[in-house]
Amino acid sequence: MFVKDRLSPVREELSRAAGRGNFREDNASLALHSYDFGMARARPEAVFRVSSESQLARIVALLGRDGLQFLPRGAGTNLCAGCAPLKGGVVLDMQGFNRILEVDTAAGYALVEPGVRLSDLNAQLNAEGWCFGPDPLSADFCTIGGMAAENSCGPGYLRYGSFSSWLLEMNAVLPDGSLAEWKRGAPGPDLPGFFCRSEGTLAIATRFKLRIEKMPPDYAAVLCVFPEGAGAFDACSELAALGFLPSFLEGYDSADSMGMEDGEVTLLYGLAGIDAELLPKVHSVFSAHGGKCSAANGYDGLASLKAKYLFGKNSITGFAPTVLSQAVCVPPGRAKEAYFALRGVSAEFDTRSRFSFRPGDGTICAYLLFDERSRSESLYAKRASFGVIKASTALGGCVLGEQGIGVDRRFFVAWCCTAETVALLGRIKAAADPLNLLNPEKIIPVTIPREEDVADVRPPLFPVTSQTKALADEIARRSSKSVRSVPCGMGTALSPEVLKTRGAQPLSTLPLAGIVELDELNMTVTVGAGMTVGELLRRLEAKGFTAVFGKCPGTVGGAIARGALSLPPDCFLGARLILPDGAIVDLGGSGLKGGVGYQVLRLLWGSWGAFGLIAHVTLRIFRQDAPLPEQISWPSPPRCYEPEPFLVPIKAAFDPRNLFSPWIFKGAGVFK
Amino acid sequence: MTDSHANAQPELFRHRDAGPAKRFVAVPGGDLHIYDSVSRCTRCALCAPACPTYRLRPDENSSGRGRNQAVKMAIEGRINLRYGEAGLEEVVSSCTLCGACTSACPSAIKTVEHVLEARRALGLAVRGGLGGMLLSRLAMSGPESEKLISYLILLSKAGVPQAVSACGLASLLRSGWLGRAGRLLAEGRLKTLRSLLAARPAPAGNETPKALYFLSCGENYLAPEAGLDTLRLLERFVGRVPVLDCGCCGAQSYYFGRLEDARAAALRFMDACDAASGEEELPVYSGCSFCVNHLRNMEQLFIDDDANRARARRMADRVRHSSRGIVAGMESSGAPRQLAFSPGRMSFHGAPSLTRGEDNPSLSLLRLFFGEGRVQELEGDVCLGACQGHYISSPALNRELVLRKVRAIASGRGEIAVCDDAFTCVQIAAGLKKYYPHCRAEHISSVVLRVLGAADAGKN
Numbered sequence: 001m002f003v004k005d006r007l008s009p010v011r012e013e014l015s016r017a018a019g020r021g022n023f024r025e026d027n028a029s030l031a032l033h034s035y036d037f038g039m040a041r042a043r044p045e046a047v048f049r050v051s052s053e054s055q056l057a058r059i060v061a062l063l064g065r066d067g068l069q070f071l072p073r074g075a076g077t078n079l080c081a082g083c084a085p086l087k088g089g090v091v092l093d094m095q096g097f098n099r100i101l102e103v104d105t106a107a108g109y110a111l112v113e114p115g116v117r118l119s120d121l122n123a124q125l126n127a128e129g130w131c132f133g134p135d136p137l138s139a140d141f142c143t144i145g146g147m148a149a150e151n152s153c154g155p156g157y158l159r160y161g162s163f164s165s166w167l168l169e170m171n172a173v174l175p176d177g178s179l180a181e182w183k184r185g186a187p188g189p190d191l192p193g194f195f196c197r198s199e200g201t202l203a204i205a206t207r208f209k210l211r212i213e214k215m216p217p218d219y220a221a222v223l224c225v226f227p228e229g230a231g232a233f234d235a236c237s238e239l240a241a242l243g244f245l246p247s248f249l250e251g252y253d254s255a256d257s258m259g260m261e262d263g264e265v266t267l268l269y270g271l272a273g274i275d276a277e278l279l280p281k282v283h284s285v286f287s288a289h290g291g292k293c294s295a296a297n298g299y300d301g302l303a304s305l306k307a308k309y310l311f312g313k314n315s316i317t318g319f320a321p322t323v324l325s326q327a328v329c330v331p332p333g334r335a336k337e338a339y340f341a342l343r344g345v346s347a348e349f350d351t352r353s354r355f356s357f358r359p360g361d362g363t364i365c366a367y368l369l370f371d372e373r374s375r376s377e378s379l380y381a382k383r384a385s386f387g388v389i390k391a392s393t394a395l396g397g398c399v400l401g402e403q404g405i406g407v408d409r410r411f412f413v414a415w416c417c418t419a420e421t422v423a424l425l426g427r428i429k430a431a432a433d434p435l436n437l438l439n440p441e442k443i444i445p446v447t448i449p450r451e452e453d454v455a456d457v458r459p460p461l462f463p464v465t466s467q468t469k470a471l472a473d474e475i476a477r478r479s480s481k482s483v484r485s486v487p488c489g490m491g492t493a494l495s496p497e498v499l500k501t502r503g504a505q506p507l508s509t510l511p512l513a514g515i516v517e518l519d520e521l522n523m524t525v526t527v528g529a530g531m532t533v534g535e536l537l538r539r540l541e542a543k544g545f546t547a548v549f550g551k552c553p554g555t556v557g558g559a560i561a562r563g564a565l566s567l568p569p570d571c572f573l574g575a576r577l578i579l580p581d582g583a584i585v586d587l588g589g590s591g592l593k594g595g596v597g598y599q600v601l602r603l604l605w606g607s608w609g610a611f612g613l614i615a616h617v618t619l620r621i622f623r624q625d626a627p628l629p630e631q632i633s634w635p636s637p638p639r640c641y642e643p644e645p646f647l648v649p650i651k652a653a654f655d656p657r658n659l660f661s662p663w664i665f666k667g668a669g670v671f672k
Numbered sequence: 001m002t003d004s005h006a007n008a009q010p011e012l013f014r015h016r017d018a019g020p021a022k023r024f025v026a027v028p029g030g031d032l033h034i035y036d037s038v039s040r041c042t043r044c045a046l047c048a049p050a051c052p053t054y055r056l057r058p059d060e061n062s063s064g065r066g067r068n069q070a071v072k073m074a075i076e077g078r079i080n081l082r083y084g085e086a087g088l089e090e091v092v093s094s095c096t097l098c099g100a101c102t103s104a105c106p107s108a109i110k111t112v113e114h115v116l117e118a119r120r121a122l123g124l125a126v127r128g129g130l131g132g133m134l135l136s137r138l139a140m141s142g143p144e145s146e147k148l149i150s151y152l153i154l155l156s157k158a159g160v161p162q163a164v165s166a167c168g169l170a171s172l173l174r175s176g177w178l179g180r181a182g183r184l185l186a187e188g189r190l191k192t193l194r195s196l197l198a199a200r201p202a203p204a205g206n207e208t209p210k211a212l213y214f215l216s217c218g219e220n221y222l223a224p225e226a227g228l229d230t231l232r233l234l235e236r237f238v239g240r241v242p243v244l245d246c247g248c249c250g251a252q253s254y255y256f257g258r259l260e261d262a263r264a265a266a267l268r269f270m271d272a273c274d275a276a277s278g279e280e281e282l283p284v285y286s287g288c289s290f291c292v293n294h295l296r297n298m299e300q301l302f303i304d305d306d307a308n309r310a311r312a313r314r315m316a317d318r319v320r321h322s323s324r325g326i327v328a329g330m331e332s333s334g335a336p337r338q339l340a341f342s343p344g345r346m347s348f349h350g351a352p353s354l355t356r357g358e359d360n361p362s363l364s365l366l367r368l369f370f371g372e373g374r375v376q377e378l379e380g381d382v383c384l385g386a387c388q389g390h391y392i393s394s395p396a397l398n399r400e401l402v403l404r405k406v407r408a409i410a411s412g413r414g415e416i417a418v419c420d421d422a423f424t425c426v427q428i429a430a431g432l433k434k435y436y437p438h439c440r441a442e443h444i445s446s447v448v449l450r451v452l453g454a455a456d457a458g459k460n
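Just so you know, the sequences run in chain order A and B.
Here the first sequence is numbered in this note's numbering, starting from 1 and rising by one per residue.
Here the second sequence is numbered in this note's numbering, starting from 1 and rising by one per residue.
Don't take every hint at face value.
Pairwise CB distance ranges, derived in the manner of DEER restraints [as the list claims (entries may be wrong)]: (1) B:SER171 with A:GLN124: 42 to 48 Å; (2) A:PRO9 with B:SER171: 34 to 40 Å; (3) B:GLU279 with A:ASP300: 44 to 50 Å; (4) A:GLU102 with B:ALA310: 56 to 62 Å.
Hints are computed from structural coordinates only; laboratory data are not their basis.
Given the structure is predicted, the values throughout are model-derived calculations rather than measurements.
We treat Cβ as the ideally placed atom computed from N, Cα and C, and that holds for glycine.
Can you build the whole structure from these sequences, using the hints too?
Structure follows, in structure tokens:
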């Protein structure tokens, strides 16, 4: 009945900082900023429209001073209620940051503000024959800032990767109102990459420098209707085995097949560049599996096929008032199995549903259709959503991070991650935002289920090897004695003499050599960090595969820790990390889009072992004759550097007593 | 939440002009209670890029999704209607009623109907005063209202309403819109289309009518020459087309909440069509896209009147923009197309089609006539809300929309801004005159007829 007006002490100051007309407290505005495309809703206490970095920084500082929560909001099209202000506070409407500041085709980048719509950016780039790779289906209405928050990819993931692969630099306002500028290739870990998929909980971006590339001159697409889903998946598997890497791959079941065991599906498959010449082969493979194809040439052709078959009357949102989207990522080799398992779930819970899928990367999205005004329908839909996650994790999959975790899916993070990993995510959030004011209550689960309750739903991980256990025990022993350590492999970068002068003892990763698993079906390899890069490439070559490494000496773990490789972010899929206190956490996943929550893998890149010992690494592999993703060489960061202020507490979240690579940060007043 | 909301009382309105047209929305497949209609919005935001106000000001309050959700929350009591919600008024007043959101929406949600309903509930309908009197007169039969409107045009050309507004008298009369209306009416013509048609010789011969031409207010008062050109094109490519002069279609009355006037106008229109076409059910063409859009949505007015509702539904199928008839006629007669020359760098500015998947007929005409690629994409689908008096009710927003459009035309170095209704033509013309006089705004019929005339002269 009596709602505390938390804004009253600071209303006047905030109003001045926001400017006339940019500060709204009317009931309608608050109500209209309580939702997005997700399920959860919560009403803010005010809405600010911001359009400049200085304005934003001032407002954030004021809000922080008075302990008021705040969150950034773009177009509000995310599917997980990431824009719902669960603790009240202020919604910062970032749509005023909508300028394309610069496009430099000679240097290959575009400088944009976070409120720029992807379609507007592409319109400007396409006019000059350039493009930005990630192309989610929400391109017409999502913003660049939202794409960064979710690390969006889209149907072209296999070819173009995710947003973080295209992000070069960014500016941000931190939760305390200070400004930050992060560059990929700057000393230290990959902070721009780390920001992606943080869903607006660690910092608020104000500017992005994005890599752009020339549009391949040729493009061809084929739309194929299969009488049954099995045919579509089998056809895609055959094409993948032949080394095809589509620029666009998206399928969905037809409305008529709702509720049935299997039914008609439609697949849109696109090939860019010289690959476009291979379209007849695609055609013949599809036809052999029962598909009826129609083709279109050029980008206009793809656009018209997309508009006709993926939007309009075929759009999933036309079928029910409420759509609960539950997307999962399974190993591509099990995508077909997962698709039918999920169809079974929706039938089991008597919930209408439609499915879209990308067989190439194992993404399957279940759209559960119901009317939220009906309690029973809502209950069944929610149960079905749990069933979807459970069914997919049983097949080695997990919640798809690309659609966001937000509020709606944070419960499932505890299913996909161990308790230690969840605790680490919580510490990272607390480090970046000690007062927990920036978009609180997102991503990190509020309740942690008991281990026995999730034992049968957690993705099966490869067991902790005895060598890993031995190392973890040694690290724990050293931690108890406050012994400083540094992970090292072959010592190519850190010689024993250097270590002696620094007073740290080496932790050798050499016992962790060897391939743990080479999954030819899912195109991944998991190796011990102590394996040399050369040995790994040789072993892969013998099987007809390769990984995206430049030539470099030393171990795999060492190469990642040094940041020496031109390894695209989307090729570094997972890692098992031993923290400086001996705890073992699993980061990322084993699938092509594994991992939920913060992209901690990006912190390991160029970390020089400061965050922990990398025990195992999961990488994406390619067939030897397949086109490889763009590789950009970054200079290896120095072993000792002035850190970004943001990074210091993050390091403390991993290593509170600075026992690992303790010399990594220099400068006065820095965490020692 | 209860399982059954069929008996829920989400009564949005309790004011005197109640009627089923105000609680139900006609959609394909059956009527929906407004709460059910507005609840179909899944919040996907596919409508956002299509909305002119959202494109101008990316803001949830200015989007189709925001408007639908605002109405839904008002029904649910989460936004209180009773205590005067300034924010809600702004949300629903800023809508241009173009229906672009409906075209983009996978569920074809009728956001416009929800907005109009909310406007009526909020008391934004024009009931009395000078505005109410003018609207009711406008809704009357054409010749009866013409005299009054012609006097108003004369007064406006003399600057009287503008002066009244400037001196503050209009504010005293609670008619702050008077100055803006005066500026619009000042663009009107004293020689109306009706008078031009009266001066025309009667058509020779006894040819059977092939269609009817509806004389719209816009063409009559604001662009009579364009109206005459439309009729000439129809006569050239369709055949004998008698003029249907039965007064205003009722769109303005509908948009300003005067439902009884709107129903009366619709009934008058249907009676006149039936009388003119007899058993034939001839197509009815109009050169005003706003009239066409309103007439094709007439069924909503008769949602509780089964007999007239069925008539309205049949009538909606007959009403088309004149461009559609001209295209059909050109295609069947093998008229010249893809002419080697064009009258200049053209951009098209028309109301978005209300029917999903249907191309704008005027754009089709331009492409047929001049070829693909000859018409620039310069924010042509951004509606100015001209028909429903956006210029009068939301002047600041309207000004921004016009300026944005003029900027787009200037950026493309456009030379002709082609429009398919008189209201848009007048507004763009005013904006171009002020900011980019190198370009002129013209009705599509005038452009096509002029080029055809030049082509004919060339042949001769």
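Consistency of the hints with the structure:
Remark: the range hint 42 to 48 Å for SER171 of chain B to GLN124 of chain A is upheld by a beta-carbon distance near 45 Å. Between PRO9 of chain A and SER171 of chain B, the C-beta spacing of about 38 Å keeps the proposed range 34 to 40 Å intact. Taking the beta carbon of each, GLU279 of chain B and ASP300 of chain A are about 46 Å apart, inside 44 to 50 Å as hinted. At about 60 Å, the CB distance of GLU102 of chain A to ALA310 of chain B agrees with the hint of 56 to 62 Å.
Consistency note: the structure conflicts with none of the earlier hints.
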